[in-house]
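Okay, here's what each chain looks like letter by letter:
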Amino acid sequence: MFVTPAYGQETAPAVEGGHGGTEGATQTGTEVPHGGEHAGTFPPFDPATFPSQIIWLAITFGLFYLFLKRVILPRLAGILDVRSGRIAQDLDHAAKLKGEADAAVAAYEQELAEAKTRANVIGQEARDAAKAEAEAARKKVEAGLDKKLAAAEERIATIKSGAMKDVGAIAESTAAAIIEQLVGKADKNDVAAAVKSVR
Amino acid sequence: MAADKVDPIHQFHINPIVPIHIGGYDLSFTNSSLFMVVVVLLASAFLYLTTSSRALIPGRLQSVSEMSYEFVANMLRDAAGSHGMKFFPLVFSLFMFVLVANLLGLFPYFFTVTSHIIVTFCLAILVIGTVIVYGFAKHGLGFLKLFVPAGVPVVLLPLVVAIEIISFLSRPISLSVRLFANMLAGHITLKVFSGFVVSLSALGAAGVAGAVLPLAMAVALTGLEVLVAFLQAYVFAVLTCMYLNDALHPGH
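So the protein sequences, as listed, match chains A and B.
Whatever position you read off the first sequence (first residue = 1), add 16 for the working numbering.
For the second sequence, position 114 (counting from the first letter as 1) is numbered 101 according to the working numbering, and the numbering increases by one without interruption.
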């Protein structure tokens, strides 16, 4: 509606009369014989419209500038500031929480390491104690065995010496019997001497 | 009205809505003024309403406002350093105004504020005026070092200084013409192709079939114009940042 020639500044019939139909599409503005005060002028180059455009541009753009400067831009800057502040704050908070988590992990790992060393110590002690006990038991058993061995060896030695003693007497009596059988009579002392010399 | 539909220049006409004449000047409230008001109200309302909840976790619309803020802030910081942030309200207003004006102009029957050279020229003069005023206020005559690049042989100096001065003076022109011409040309092209659709489809079945091509073209151009609308607002803001950098650091 704003481009209709409703205010008599130009007359549409003049355009129609001048060109009409499709030819108008290819006409350049400077050739169009418009009616009214803009007659024959390409509208953007018509100085008659300049004062009005300048004054209204100054008014509208001036108010626009003031409104943006006073209201919109401080508000937008505020929104963006608050957001970047909030983001920075959240990042700080996150960094703090991360630090705390790291500290907790470190403490946990330290405790774990301590517990491990403690466990090792306990284990070592238990192992040592068990070893010592086993050693003591072994020594006791060995001592008992040694004693028994010694007693047995002693017994063997007495039996052996006893047997060896008997061996002389048996040999003498056997030799005396053999000699008696062979020669009829045997001197006990000779036989004993002979046996002794053989042994 | 058939002729109006295919007249690609018609959309740029300025029609008074409330005639105001002061001191021999025509200061009427026109359709252009109306769309300036609409642009400002729309941009302000969007920025105001989407940020009113000040949510810590932004919704989609609040994200758009925040993104535009950070987009312009980064642009300015990259071009002019952290000292440049004192010009942030100016650059942000310019960017939002041009962007919303460009995008709003793409709606059918809507007036494109930035398709008039005087509007873009005033915005460019605002930028260059800020550069000059701040430059002299901050650096005094040292601001003139802007025209004397360091490390130039003395023989070449007059030539280089002349070139620098011409390039400085051409800045408001290039800044304003770039935006104006882009918007003007884009809208004319769109209108011409849309006009083909209307004219051809009036010719019966064959015409309707033939109108498919310009229609597809108009659709593609609309997409392109959305890109251009954003791009030109971006370019305008970036160049503003770079010119403001000159005011802050004229020696560079």
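Worth double-checking, as some hints may not be accurate.
[To be verified] DSSO-like mimics (lysine-lysine), calculated; alpha carbons at most 30 Å apart, straight line:
1. A:LYS147 <-> A:LYS176
2. B:LYS73 <-> A:LYS85
3. A:LYS201 <-> A:LYS212
4. A:LYS132 <-> A:LYS156
5. A:LYS85 <-> B:LYS125
6. A:LYS114 <-> A:LYS85
It should be emphasised that the hints constitute simulated quantities derived from the structure, not laboratory data.
Computed from a predicted model, the values in this text were never measured in an experiment.
Right, here's what the structure says about each hint:
1. A:LYS147 <-> A:LYS176: It is violated: about 42 Å lies between the C-alpha atoms, which goes past 30 Å.
2. B:LYS73 <-> A:LYS85: Holds. LYS73 (chain B) to LYS85 (chain A) sits at ~11 Å (cutoff 30 Å).
3. A:LYS201 <-> A:LYS212: Holds, at roughly 19 Å.
4. A:LYS132 <-> A:LYS156: With a Cα-Cα distance of about 36 Å, the restraint between LYS132 (chain A) and LYS156 (chain A) is violated, given a limit of 30 Å.
5. A:LYS85 <-> B:LYS125: Holds: LYS85 (chain A) and LYS125 (chain B) sit about 22 Å apart, inside 30 Å.
6. A:LYS114 <-> A:LYS85: Not satisfied, since the Cα-Cα distance of roughly 42 Å exceeds 30 Å.
Hint violations for this structure: numbers 1, 4 and 6, all remaining hints satisfied.
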